[in-house]
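Just need the whole structure built from these sequences, with the hints factored in.
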Amino acid sequence: MMDPVLEFKSVSRSYGSNVVLNGIDIAIHPGEVAGLIGRNGAGKTTLLKIGMGMLYPHSGSVRTFGMSPTDEPVAVKKRIGYVAEDQVLPTGSSIADLIEFHRYLFPQWDGALERQLIERFALDARRKIKDLSKGQAREVALLCAVCHRPELLILDEPAGGLDPATRREFLETSIHLLNQEGTAILFSSHHMGDVERIGGRVILLDHGKVLLDRDLTTLREEICVAMIPRSASVPEAARMEQIPGCLRVRPVFDDWHVVMEGSPESVQRKVSMALGVDDVRCVPMPLEELFIELTGSER
Amino acid sequence: MIYQLVKRDPACKLVPYFVLIFAAGAFAVENWRSIAIMPLAMASVVAMTSAAQTQERSTGYLSGLPITRREIFLSRVYAGMFLVWIPALVGAGICAAIGSYGTKAFIAIGAIAMPMALGYQSLAIREIRFPAWVTTIAVASVVGWMGVAMTIFPGAIRIPVAPVLAASGLVSAWVFVNAWHAIPRFREAPPARWSGSVFARPKVSRGFPWWLFSWWDLVWFAVLFNLTFTGPWTSALLFLVIGPMQTRERLRWLDPLPFSRRLILAARLAPSLLALAGGYLMGVHFGLAGGWIGVPNRVLMTTSREWPPLRETSCAALNVAPPIDYWRPARGGAPIVRTPWGETYQPPVVRVFSFNVYNPYGVGCENTKHFLDWQYERASLAVYGRLMPRDQAHLRAVPRLRTQVLNVGTMLACGMLLMLPVMMADWWRVRRLPVWLRYGLAGMVAVAFFAVALGPIVAPGFRNILGAAPEAAQWLSWWMPEGLAMVSIVAAVVPLTIYRVMERVFPGSEWTAWGPRTFQP
Numbered sequence: 001m002m003d004p005v006l007e008f009k010s011v012s013r014s015y016g017s018n019v020v021l022n023g024i025d026i027a028i029h030p031g032e033v034a035g036l037i038g039r040n041g042a043g044k045t046t047l048l049k050i051g052m053g054m055l056y057p058h059s060g061s062v063r064t065f066g067m068s069p070t071d072e073p074v075a076v077k078k079r080i081g082y083v084a085e086d087q088v089l090p091t092g093s094s095i096a097d098l099i100e101f102h103r104y105l106f107p108q109w110d111g112a113l114e115r116q117l118i119e120r121f122a123l124d125a126r127r128k129i130k131d132l133s134k135g136q137a138r139e140v141a142l143l144c145a146v147c148h149r150p151e152l153l154i155l156d157e158p159a160g161g162l163d164p165a166t167r168r169e170f171l172e173t174s175i176h177l178l179n180q181e182g183t184a185i186l187f188s189s190h191h192m193g194d195v196e197r198i199g200g201r202v203i204l205l206d207h208g209k210v211l212l213d214r215d216l217t218t219l220r221e222e223i224c225v226a227m228i229p230r231s232a233s234v235p236e237a238a239r240m241e242q243i244p245g246c247l248r249v250r251p252v253f254d255d256w257h258v259v260m261e262g263s264p265e266s267v268q269r270k271v272s273m274a275l276g277v278d279d280v281r282c283v284p285m286p287l288e289e290l291f292i293e294l295t296g297s298e299r
Numbered sequence: 300m301i302y303q304l305v306k307r308d309p310a311c312k313l314v315p316y317f318v319l320i321f322a323a324g325a326f327a328v329e330n331w332r333s334i335a336i337m338p339l340a341m342a343s344v345v346a347m348t349s350a351a352q353t354q355e356r357s358t359g360y361l362s363g364l365p366i367t368r369r370e371i372f373l374s375r376v377y378a379g380m381f382l383v384w385i386p387a388l389v390g391a392g393i394c395a396a397i398g399s400y401g402t403k404a405f406i407a408i409g410a411i412a413m414p415m416a417l418g419y420q421s422l423a424i425r426e427i428r429f430p431a432w433v434t435t436i437a438v439a440s441v442v443g444w445m446g447v448a449m450t451i452f453p454g455a456i457r458i459p460v461a462p463v464l465a466a467s468g469l470v471s472a473w474v475f476v477n478a479w480h481a482i483p484r485f486r487e488a489p490p491a492r493w494s495g496s497v498f499a500r501p502k503v504s505r506g507f508p509w510w511l512f513s514w515w516d517l518v519w520f521a522v523l524f525n526l527t528f529t530g531p532w533t534s535a536l537l538f539l540v541i542g543p544m545q546t547r548e549r550l551r552w553l554d555p556l557p558f559s560r561r562l563i564l565a566a567r568l569a570p571s572l573l574a575l576a577g578g579y580l581m582g583v584h585f586g587l588a589g590g591w592i593g594v595p596n597r598v599l600m601t602t603s604r605e606w607p608p609l610r611e612t613s614c615a616a617l618n619v620a621p622p623i624d625y626w627r628p629a630r631g632g633a634p635i636v637r638t639p640w641g642e643t644y645q646p647p648v649v650r651v652f653s654f655n656v657y658n659p660y661g662v663g664c665e666n667t668k669h670f671l672d673w674q675y676e677r678a679s680l681a682v683y684g685r686l687m688p689r690d691q692a693h694l695r696a697v698p699r700l701r702t703q704v705l706n707v708g709t710m711l712a713c714g715m716l717l718m719l720p721v722m723m724a725d726w727w728r729v730r731r732l733p734v735w736l737r738y739g740l741a742g743m744v745a746v747a748f749f750a751v752a753l754g755p756i757v758a759p760g761f762r763n764i765l766g767a768a769p770e771a772a773q774w775l776s777w778w779m780p781e782g783l784a785m786v787s788i789v790a791a792v793v794p795l796t797i798y799r800v801m802e803r804v805f806p807g808s809e810w811t812a813w814g815p816r817t818f819q820p
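Residue numbers (our numbering), protein chains in the order written: chain Y, 1 to 299; chain C, 300 to 820.
Heads up, none of these hints are tricks.
Cβ-to-Cβ under 10 Å is the rule here; a few derived chain C residues that face chain Y:
1. S513
2. R551
3. D554
4. L556
5. S559
6. R728
7. R737
8. P806
9. E809
For the record, the hints were derived by calculation from the structure and aren't laboratory data. Even for Gly, the Cβ is constructed at its ideal location relative to N, Cα and C.
Below, the structure is given as structure tokens:
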């Protein structure tokens, strides 16, 4: 396998006493598309910014293209495209000014792609950034992030706040423009639909740790939720967590929901045998439901 | 409702800080006269601007609440009044209590600031926005002329308060009534468009990154230039940190781009430091910077024995006193001054800035008038570079070149030393420290900062402490061998060393907001 374009090794990061990342190990390889999901405050943005060299890890190491993004930020950022939800563009600039500036920063700027995207997004290059709508500004940010043909595209909730049509257009453009040429893409999103549509690999962050790191297809086939009625004969959560392959146990109204690795049939057998109960239903779940099962609170 | 709004107005939260500044300033006026008024007047400009900006920021939030726009406007007017008048009246009160003549100046500052703050609100209500460059040039001009006026007309401190107050009251009333009628009475009126900044970010382009600066930076450069141009460059240092503090937010968009932080640092620092050094050098050469380290900055003909002691005994005979810069270090005692015709004078050795020096142009009580004339000619040639008629000896003297070099080196070093802690607050190594330790360090830096900036002003011997940096430069000038080589090396090496430290810290600073955007419940 080729060397990873982005590699986090035991990365931890805190804000004061709030530990946001705690020993993260992730490697993104060339051409890979990975979706980073997690609840608010799970550390997605912090992780992406550490990968960019915009934040420092408090322990562990980060290598982007084999380099430290904090020691060699210019060399690293020359090969990365970055779009974030809270990204601020210089509002006094026109689109043309901004593009000219990016052309200056990135010698490998692809003028043909720039023209193609301007046409596709129907942007008027003379307009000032401050006069653009939120979606248009994000499109300009995407244009600036992809036209130098980066080897790694980092998208931090890039479609947040956009309407569904714009969001889909935005994400599809990102993916189709770059991934087919071998660009690795790491993106974070709250929209599971986006992740399912785009992501080849899903990384779930929870409480500063990687809770799940699977290929999307595998995830669909090999993770399911067992629902067990909370009757007197069913043991407590602690015992259910001991079952091999158990990822999470949580009470939901009158049931226990147990997230398990394995196909529904095998999980049903395994849970029935381990707990000695017959009334077990196992169902595969869409990503959004799975996300809630893995990270949701008890009800 | 008004009370609830005023209580929460960000402008009101600034009041205690400005009260502190103005209170310290009131003592400074007593001790430092017109020189202290200028930083204070500038601080009041800062106060007004801060008030206007913070109120603008809060409006976007308030306009979404069930509050009438007139209530919002009134609350802002009250908040503005508190911000302007409480500090001004505290300053005036202190001056009145200690019998200083600065009372009127403080009232005048309030009187001028009030209609300006109201005018700003009035413009905001009408959604009138001048282009950023117009606003900035206007503010920079006000600051500039304020400095020049204070220096050229030191008597400006004796302001005719009654007419100024009357004019201020009339203008304020007119602006208020005018704005009041412009406000829709009910909240269903569409809220004003508050998005964007008054000072829009400049265009980006290739070449020198002018776009790193906003028009607003011109104001800070003008303040820096003014304060050093007119003399008190240690006051200018306090303003030096404001520009870089503002930079962080504005440059955040550059963070993901392959742009050298070192270049940003150099480009950001250079204009401020140039304004600082340029203002000083222009000031000393074009005669506006006053002598403020003890002896008037000219060749003085005097019978006085004031500090530094010119003579050991009193007498009616005139003495020649050049600026302190032209005194000589007395290593092993002062040499006897001997004229071609054999008349002699043994100058007394005096201790100035912890250094033994003597006045080589001094005249004793027993010396002849011929000796006095001879010494005056020598002093005139040394100080003015030519024989200056006595009736023109009041002209300001230019400090010696070595002193200029050392002063520039000292001000650059002091300026960067002040900026370093501000920069370090964003340094990742500092950010990872426990909260209590970070706040502890910040507190210590703040205490040290205010002790240097304000403490000496209220303390009895403040002149010596506030003037420590220029005095240290003077001390170095006497201590080091004659000639420019050594002083140039020292003046360059110290600031460059500090700059190297900044170069290490700045690339390691984190520009992202502190903490994750949202925390887990």
